[in-house]
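Going down the list, the protein sequences come from chains A and B. Be aware that the first sequence starts at -17, since it is given in my numbering, and climbs by one per residue. Be aware that the second sequence starts at 133, since it is given in my numbering, and climbs by one per residue.
Where hints are given, some of them may not hold.
What the hints assert, rightly or not - Some but not every residue of chain A turned toward chain B, in silico, with C-beta under 7 Å:
no.: 1; residue: Asp4
no.: 2; residue: Ala7
no.: 3; residue: Arg10
no.: 4; residue: Arg11
no.: 5; residue: Leu16
no.: 6; residue: Gln19
no.: 7; residue: Ile26
no.: 8; residue: Asp38
no.: 9; residue: Leu39
no.: 10; residue: Gly97
Simulated from the structure, these hints should not be mistaken for lab results. Backbone N, C-alpha and C fix where the C-beta goes; we use that ideal spot for every residue, glycine too.
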Amino acid sequence: MIDLAVGKVFIDGKDIYQMNDDNLAIFRRRQVGLIYQFYNLIPILNVEENITLPCDLDNRKVDKKKLDILLKSLGLETRRKHLPNELSGGQQQRTSIGRAMITNPSIILADEPTGNLDSKASDEIVNLLKKSNKEYKQTIIMITHNIEIAKIADRIIEIEDGRIIREN
Amino acid sequence: MNIFTKLTIRNLKLNKKRTIGTIIGIMLSVALICAVAGIATSLQKTLVETTVEDTGYYHLKLSDVTNEDVNKFKNNRDIKDVNVINDVGYSILENSQNGNKPYIHLYSLNESAFNNMSLELVEGRYPLNSNEIAINEAMLTSAGVNYKIGDIITLNLGDRYAGGEYINSGFEHEPYEYMNNPDGTSKNVGEEIKVKFTHEFTIVGIMSENDGPIKPISFMNDAGYTCITNGLDEGQKDMYISLKDPKKANTSFKEMIGLDLGTGDFANTDYIYSINYELLRWEAFNVSDSSMTMITAVVVVTIIIIMLTSIYCIKNTFSISLTEKIKMYGMLSSIGATKKQIKNSVIKEGMILSLIGIPLGIIAGILAVFILIIIVRGILGELLEAEIVFNISWLAVAISIMLGFVTVYFSCLSAARKAKKITPMEAIRSVNDIKINSKKIKSPKIIKKLFGVGGVIAYKNLKRNKKKYRTTVISIGVSVFIFLAASTLLDYSFEAMGGYYKNYEYNIRVSCYSNTRQEIADIIQNENLKDYSLLYEVDVSSNKNEEEKEENENLDTSEEDDLVITDTAPEVSNRLEITDTSNLSEFGDKVLNLVYEVDGEEQTSPIELTIIGLNSKDFRDYASKLGLDYDKVKNQGILSDYLNLYENGKTTKDRLYNYSENDTISGKLDNKDINITIADITDAYPKGIEDTTYRGIVVINIDEFSDVLDFKPYILTINPEEPDDLAKHIEDTYGDINLFNIAKEVKFYDSVNLVVSIFAYGFIAVITLIGVTNIFNTLTSNIELRQKEFASLKSIGMTKKEFNRMINLETIFYSIKALIYGIVLGLIASFAIYKAFAQSLDYGFRIPLQAILISIIFVFIIVFIIMRFAISKVRKQNIIETIRKENV
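Sequences are here, hints too, so could you generate the full structure?
Dropping the structure here:
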């Protein structure tokens, strides 16, 4: 999605920047989950449809059981047929997490996932992420300004003005 | 269902108005294409039907064939019908009062010939077997015989012989009394029938004599009245063959009789053949013919124009739709949609809209053609002899559907390509990426002074959104341009065609073939005419010897111009010969004073003026129209000696003589010296000869010159209230006259004018409508996209009034821009058209003010309506919510 200035990126043994656009897209839909600060849901699809989007792009059928379990764990079962503009901020973010997780990707990239949420919603989200990391063994790379949230991670890399200043 | 299909459909439902707008655009363009195709096929079928009316339905005629030939062709699978017509022979028609048609000419037709040849019954039915006969109505009228249905007649049928020689009835001729000897003298041969057999017939029907003989069987000057029977196999047999597939005429002819039209190898067949080119030309487009090529060219060009305009307009809609979905596509791309999937999604949108728009368009198109044909029938129906046919072939519909899909496909192609290039990042991060250069949107100070802040923002908007508004400006501009050009073209075309007839002051003009012009005198005497005027010409027949005079009067001129003319002395001219050539102008000298050689001798053509006479009343009218005092000029002449000479592509109009007012014209007529004083010189001819070309005329009062010259009637002009009734009555009652019904002519041209205008303006209207749907979509989406901006303006305190003003100013700015482009280009086109017509018609260039005014009014109305509508939507928004909203 963005060009490399220097260096290489390997995911699952594959050199990402050697792949062409189409292969990258397919890779993304199957292996990577994306969560944004501003949710970026499709306004004309309901919760369920938004979540199953990556599978639909692949023309793959979604396991109904799996979907139900996911919705339950996200706390969205009663909202599954609702449109994004009928949901609160937290519910929208949870939907986008559901989308990120439906294909069981190996990596989840989260860009300020709690930036737009109040403290209660933020906690919900963070717990969900932690859970999926423990249960499904997914790697989560998260960007945040909030030091409290950052502490939950296994590994923290501090970046200031575009440079890594600390790592642990 | 595929996720993209789901997304597309939901998006379309969300933006109902734009979706409907696009569907209407597609529907209109498909309707137009379908209508053009439908009109073309209807026109073709009409032309075919007209030709069949005229010639009967056949493609190839083979003459003098045998029964074997007939059977061979009947079994040929490429052949539709084999019409067999026997030329049975002639039989004397008892008591015929028509000296030129003393016979019955009997033909025998087979069943299919009755169906396919152009016949018309006035009474009874067609013969079913060889004992029945259908006779010709003309026998009852011009031959004066008294037959009716049910009568039994006996015919002694055989061939005509003259002077022992067989007369081939293939040559048209009335009965021979005299034939030419090899040395040029004539001998009296008389005709007789050598009877071959006798047969009795019962009369079962009477055929119409309308429009002359029955084609393609009989011919004009036949010595016998055409009668027909059924299945009498005597005499020469001809076959009229029709093909199942006229388009394959070339190959069929080659197979059947070895005739290769393509190579022009006409000698390669043993048959005597004749091809019905007239019918083939309309039925099978491959016969190379300039009118077919022209029609095809017009259709193709029109459809291309429709497609290009539609693609241009509809393309814009898809581009707008894409802009609104950039964010969504970007997001889809980020979670893994491939470029191809996104591109296909855009095209899918087009196809879904087509599925609704195209069928609607086809229906609308067919309906339009149907209605148009009814209208045309109503306007032109009585004036044309042909019946106007409504026909839309499946092929035309299929082609329209295909072209519709092609149009939509090309419309969404550029949007699809743009969609492909959307990278996830730029779509998610930026919302409305506008690359603005601050210099470019600087507004001149005058705008602020005249229009205030609102105006400044409006102006800057225009500059910023140049690309977006470009299609709007071009749509409007092009429509205005086409409208102006078409109006001018139509105006000039109609003037060139028949406009000048409208200025005539009379409705009917009668002239006469016979030498004595008795018929005209009769008409005036018998018909109780109220408003008429008569032109006279000089009569010199008193100089011919009495014998010739009688001979000329007794010649039966009721048939065609087939008079036997024997040598007489050269006719005495009834024109005034000007012996003094110094009276010619330079122009006149060049045109009139010609020297030519006859048998080695040089001769000059006589220089003559035609004398036109009017009685005192008409002369008084004519003189006063020219501003002359009748009493002063009643015994003088009015000279009109202008001539239009067309040479080397230019027309010059100049006087032939150099006489001035009060000069005397001296000349010789009929061996007498004639002198006429000139009262006036004009280029205005008296009533009745407006469209005749003379090499100079002098108009005089016959009452004043009756002692020196004799006059006879020349041309009668009548101005009745019911021109058609009087015209028909005169034509029916008096033979040997030539009647010109101007009222009918003008009505015809007016009707044609109306029909062509309907087609032309209708077409323009629909093309404009397509443009309007595009404008509608552009403007409404533009307003919607800027909702946030509007909300901000309102929130910081812009009043409703100022806000409306800002929107209206925007409208006015680009409408004016579009109008300027359109009007300027339209004027240029108008001038070009004027120049093209100026060769023949030069009335000076007229600026099409009316058309310009109409376009201006129309443009403003349309754009205002749309703007009003868009504003009303914006007015309803809640300011805070709009600003807060992320997803509009």
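So, going through the hints one by one against the coordinates:
The criterion of a C-beta within 7 Å of any C-beta in chain B is met by Asp4 (chain A), whose closest approach is roughly 5 Å, and the hint holds. Restraint check, Ala7 (chain A) versus chain B: the minimum CB separation of about 4 Å is within 7 Å; hint holds. For Arg10 (chain A), the shortest C-beta to C-beta distance to chain B is roughly 4 Å, which falls under 7 Å, so the interface hint holds. A least Cβ separation of about 2 Å between Arg11 (chain A) and chain B falls short of the 7 Å threshold, and the interface hint therefore holds.
Restraint check, Leu16 (chain A) versus chain B: the minimum CB separation of about 6 Å is within 7 Å; hint holds. For Gln19 (chain A), the interface hint is violated, since its Cβ never comes within 7 Å of a Cβ in chain B; the closest pair sits about 10 Å apart. With 7 Å as the threshold, the beta carbon of Ile26 (chain A) comes within range of chain B, its nearest partner Cβ sitting at about 4 Å, so the hint holds. For Asp38 (chain A), the interface hint holds, since its Cβ comes within 7 Å of a Cβ in chain B; the closest pair sits about 4 Å apart.
For Leu39 (chain A), the interface hint holds, the least distance from its beta-carbon to any beta-carbon of chain B being 5 Å, beneath 7 Å. Hint on Gly97 (chain A) is violated. Least Cβ distance to chain B is approximately 14 Å, over the 7 Å limit.
Against the hints set out earlier in the document, violations occur for numbers 6 and 10.
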